[in-house]
Amino acid sequence: EGKPYKIYLSNNFVGNDWRQQMERVAEVSVKKGPLAGRVDLKIENAEGTVQAQINSLNNIIRSKPDAILIDAASAEALNPTIKKACDAGIVVISFDQVVSEKCAYALESDWTRIPAVMAEWMAKQLNGKGKVFVDRGLAGAPISAQLENGYLEVLKKYPGIEVIGTYNGEYALGPEQAGVASLLAAHPEVDGILTQGYGSGAIKALQDAGRKVVPVTAFSYNVAATTCAQTEGAACILGSNPAYLSSEAIKLAVDILDGKPKPADRHILVNGDFLATNGGAWTSELYPKAVIQKIEIGKNAFPDRPPGLTLPITPDWVEITAEEAAG
Amino acid sequence: MTMIASEPGEHAARPPSAPARWRGWLLDRASLLIPCLMLLALLAVYGSMREGVFTLDELNLDTAAAMTLMLAATGQTIVLLRGGIDLSIGGMISLGTVIAATQFGDGGATTLLWSVLIVLLGAVVGMLNGALITVLRLQPFLVTLATWSILAGTALIILPIDGGSLPSGWMAFGSGSWLGLASPVWLLILLLAFWFWFKRTRTGIAIKATGSNERSAFLSGVSPLAINLWTYGLSGVFAALAALYLTTQTGAGSPTIGKDYILPSVAAAVIGGISLFGGRGGLVGTIIGAYILTIIGNLVFVLSISSYWQPIASGVILLIAVLASSLAEKSSRRNLS
Amino acid sequence: MPDFLEALSVAKRYGGIVALSDATLKARSGEVHALLGENGAGKSTFIQILAGAVRADSGSITLGGERFAVRNPEEAQRLGVAAVFQELSLIPDLTVAENIFFRREPLSPLRTARAGAMREATAELFARYRFPAIRPDQELRRLTLAERQVVEIAKALARDPRVLILDEATSALAPRETEWLLGLSRDLAAEGKLVIYISHRLGEVRRIADRVTVFRNGATVAAYDTASVDDDTIIADMLGRQMERLYPERRNTTTGRIALSVKGLSVENRLADLDLDLREGEVLGVAGLQGHGQRELFQALFGAARASGAIEVWGKPRTIRSPRDALSGRDGLALVPEDRRNHGLLLAKSVRENLTLSVVKRFTRFGLTDPKREAKLVDDMIAQLRIKAGSPEQAAGTLSGGNQQKVIFGKMLLTDARILLLYDPTRGIDVGTKGEIFTLMRDLAARGYAILFYSSDLAELVHVADRVAVLRYGRLAAILEGAENSEHQILRAAMIDTRAA
Amino acid sequence: MNLARHRSILFAYLGLILLLVVTGLVAPGFLSPTHFRSLAVLAAFIGIVALGQTFVVIGGGIDLSVPWVLNAAAVLMTLFAHGQDAPLVWIVPLLLAAGTLVGVVNGLGVGLFGVPPIIMTLAVNVILQGGILVYTGGAPPATAPAAIQFLAVGRIAGFPVIVLLWIVLAIVATLLLSKTAFGRYLYAVGSSATVAEFSGVPTLRTSVAAYALSGFTAALAGMLLTGYSGQAYLGMGDPYLFTSIAAVAIGGASILGGSGHYVGTIAGALVLTVLTGLLPALNLSNGALLVVYGAVILVTVALASEALTDLLPRRRARRIS
Ligand SMILES: Nc1ncnc2c1ncn2[C@@H]1O[C@H](COP(=O)(O)OP(=O)(O)OP(=O)(O)O)[C@@H](O)[C@H]1O
Ligand SMILES: Nc1ncnc2c1ncn2[C@@H]1O[C@H](COP(=O)(O)OP(=O)(O)OP(=O)(O)O)[C@@H](O)[C@H]1O
Ligand SMILES: O[C@@H]1[C@@H](O)[C@H](O)OC[C@H]1O
Ligand SMILES: [Mg+2]
Ligand SMILES: [Mg+2]
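Residue numbers (the numbering used here), protein chains in the order written: chain R, 1 to 327; chain L, 1001 to 1337; chain F, 2001 to 2501; chain E, 3001 to 3321.
Partial list, derived from the structure: chain E residues whose beta carbon lies under 10 Å from chain R:
(1) A3027
(2) H3035
(3) L3039
(4) L3133
(5) L3225
(6) G3235
(7) G3287
It should be emphasised that the hints constitute simulated quantities derived from the structure, not laboratory data. Built from N, CA and C at the ideal position, the CB exists for glycine as well.
Isolated chain R, as found in the complex (with noise of 0.2 Å):
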């Protein structure tokens, strides 16, 4: 093993807690542990425009790395562009929001499996009766249409179950509290609350409108986390995107040009651990194998901690730290 691998993370987007986490994982991850001075790894950031990630992809490829790890604009827009760079020889994964291109590994989290556990459970909350609204994330990105979908289509099974209202969440605190502040409006006699995001956007909309804290389902930042172990009678389920998705794309990029077998998938599916509050005391009959843990401040959980920080923070492989992570 002579010269570390040049390794180049194209990153649409860094206008949020996740992408900032993602990107400080990812260096941390190559600077120690088993890929210490294993990797040269440079952050390209494009301004969010698939066009821009384009332009920076291909200079990317003009500059010949050995491996280009994508968190893509488009499923589908950057295809041209990436079998460009598998063409030329170079390892492309693409990973959290992966690409179609057959040609580049796609490393993600199980986005049909997440929100069908969390379904089931708000089922489950409500004993398979009452009215919620769902949130439909970010029009036209495609975890938005596959986390809507994969809600829907578990709470079909239950007839009893009525989603009277839809709102954009669109991954922000903002757009959560007043989608849902704008729902309840018109229906105050809403039961359950199926989030994409934070999740205490709609907790905090249900208290300023006055309303009893209702079920809700939600992602694993810190600040869902603390505010469900804090918010009297809340009852939560929080699905995990681990932000170490990157340091996964690495490890994986390194093992494939390291000559490792490679995967037989190019999809590659993480799981992540759920939180809940009811953890451990309930679990689900779709997945009986998903993780369910109980949310419990100082264990996962941490008030002291930025509220934006995503969980879990580390990779097991790997030791990354609460304070790493939050940079």
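Given the coordinates of chain R, assemble chains L, F and E with the ligands onto it according to the supplied hints.
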């Protein structure tokens, strides 16, 4: 009352000296010359940091990277010259890619037919903008904001997320080359040819004139409705063309991609010397503006700046570049007030 | 001879404002027909209707015996009516040649405008009608107002019209160009065209018009053969009252104190090394042929053009880098600018806002404007200058040309500045008000103001100014005083290099 | 303010009323006092950001740096305050001053150096974004102090505090525009910078002040917004770019400057909020939502069009030659 024998042909003032005339000539073109100098300066720095910048390959790559923006900005340029603004290109570009990716199929004939239909749709949508603006006397900003939303919504209805596919022949055209020049370069040549023709046509002159002084243009016989139909219609057409070209680069329909070109299309034009108040500037400046925006991206890449500093670097480079031109432009105005 | 143009009872209102109530005009081909009336009488509105730029509410018009109902300027042009608009119809970003042939460009087989052909045709046109020299390939925005006026005339002529309308086309022209236009109008009439001529300069009208029609308050009040009527009658028709005299009695109110002293003032290659003193109580005229540095002098003094040299104001050295520097309080300088549409008025804003723009502080108390005080200033000024506006809230751009000029004049008067730079302050102003403005100027001088006064009408300089400084090639050619101050002497000094002589 | 001279403003309110009527028909629950209250709170944020934007637009400019001024103030406030109220005493004034300073930089770039407003403020926005990322190392910030939360979601006698604050700001803005020399100068500069210059208006100072005000209100809104969400998050300013400009435009201002009023902007902010609040109730797909959104804006502004009202009485009067 005064009586003097008129002495026709003799002008009272001293004729300007040769250097003064030269200066006048330069000042008249300052808004174009300065972006040119900016681009050259950027290229000089960029070229010193990367090999092969002064080759055809670089031209091919950068033109391919900038072409969607150039096409979108061509329409925007025409609208800005007229003194308007077109936000709806954002919706039209999305819609265009979505229709292409869902309708082209595999046959050459359907591809051709639908391409023409998309361009026609662009024209119709643009003309609708123009008609609303004229007949209801509404601000272009508001009308095109609304139609942007409507078009973007339609695109999302047709294709809720990126998808669809384009025929391989179509994609091959996008990445093809001829005589060493990539197809986007040929497109650029066509675009410039169109512009040098169009700006000399009566319609082209009238669009610029209307932006320069609407009332005078009207008094001279320009029909406000006709001019707005042309202006916004052309903008729609170029947005459609931008969409078609974009699909050759992305191979997909993208219902939300168009918005990414709205501000940059205005920025490219403004960097290229177009005034938002209409009447001044042209496509050459805009093309240079689009190259500048693209080269800034390349430059930031080769400067190997750490990731969080990248936006700062591109912002600062952009400001420095524009500051130079603004100062020169300002001093030229000042001297002639 | 039957009347070629017959407009009967034309009316036009703008909301509550009646621009025309009963306008009638009958004119023959081959004549110069003057259209007269005080500011706001409706002359421009009337010719805009003829030119298709405005649609009448009622009335009937025939041209050459045919019903003439045009819906836009293009139709009017096709029927042979071309107008030189008071507001001008030129495009700042096109060249002179492009302006002249705008909408009628000669086309190549590719349907592009043939630039060469336009330039040649422009040169030919200029030669045929003996135009003052203007380079056809210059951008219009680089031209002076007078030059623009000339281009506007060329543009109208290029259409070879049957009816040529000149709406105050001489108002910005210097004597020599005015002469040229008068001659041109006669020639065109002699060719059998109808020239409708609007002007507030009765002398011009008398020299070229065969007949006159007088409007007052939007209605025709009289029509005469020029030869058969005297000026006083016409003026009485226009104003609805007798006018005493145009020029006030001139009393010398000059004191020994120097208000403004200029040493070695230079502006690019337009103004070279000028020395000039303006005294308290004095009206100092500035004259010269078009383009010999008058406008640069005014702009430089007002801080609107870059200049070098030394300026002393009321005995103290001053650097004036911007109009704001110039306008500073009682020791300041105020300007009536040449270009009212681009430098003088916020066209979309009200008469009130325009009048008080430079003096907002005067009616601001504890940081807030006091509408009552403002209204008082505005109402007084409207009354003093007889500004004809529907209300102080009318948009300045919808005032008649002369009334726009009055607003600019009033705006300057409201400032505290006691040095007034008046660049053609009576341009487009009717005789009645002109007389009042001259009286006002002399009164101000008597109250200790110092006035620098340029006029495109030499007679005004002769009759109102105490002394006249004549510029030639950007240098002071002569200062004329007393009996020397005559039109003849001014022109001599302006055209013959006295220093060389 | 003379409403007759501001027809477009009047009509913006008519549009708003119409929209409320439609809302009442589509979703009766939306006309409840609680909903009004939550709408008013949301509108207040847009309204406050759009306040500065109104001044900039009237002065003939545009401020695209709003998103990251807002975001920077929000992030830095939570970062400095660590959830404590006490330090707000210096943090809030400091950040308001910083926002104002960014505006001053914008104003100088535009007014002194002649950089086109779009480019100047766009570049400043990008630089601020990068600056915040670099400064915080992307560290996600902490929660909003209680005092800020009170300002954003608290109530006094059932009345949302932020709406009270908005009303105060609206009064100040209205006074500034209608009753001060600065307001006069601003309209003049926006109508014609040349004429304003010739009239002795301090054009540079005026446009710098407008941008400064915009920086101030964006920073203020940013801090308040953390109170609404309970925390700051990156990207929280993004939605305010187009909404602030759209609110100004719907409120009757010409995007080219010289006209408009904050009174109109308020209607614009309310129209946009009611509309975004109403749309989810329609249960439409994302695409259909955008179509309806666009169509409603078009209809609202079309109703306000002078052309539409002009067409009717004029027809009768016209019987020509
Ligand atoms: N490059 C320049 N040098 C000197 N003066 C200029 C220059 N450009 C414009 N001006 C002056 O600024 C003023 C405004 O010019 P502009 O061309 O924008 O006016 P316009 O187009 O006729 O009016 P509008 O904005 O109503 O269309 C004019 O007086 C013009 O002479
Ligand atoms: N668009 C308009 N809106 C409102 N009033 C108008 C408009 N255009 C003209 N007017 C009014 O119509 C009247 C006649 O104006 P017009 O310009 O025809 O006068 P004029 O005779 O040409 O005066 P001048 O000698 O000053 O040029 C004026 O009172 C003017 O204010
Ligand atoms: O990439 C996504 C990130 O941008 C979003 O905010 O959180 C979930 C991730 O999948
Ligand atoms: Mg203009
Ligand atoms: Mg007139």
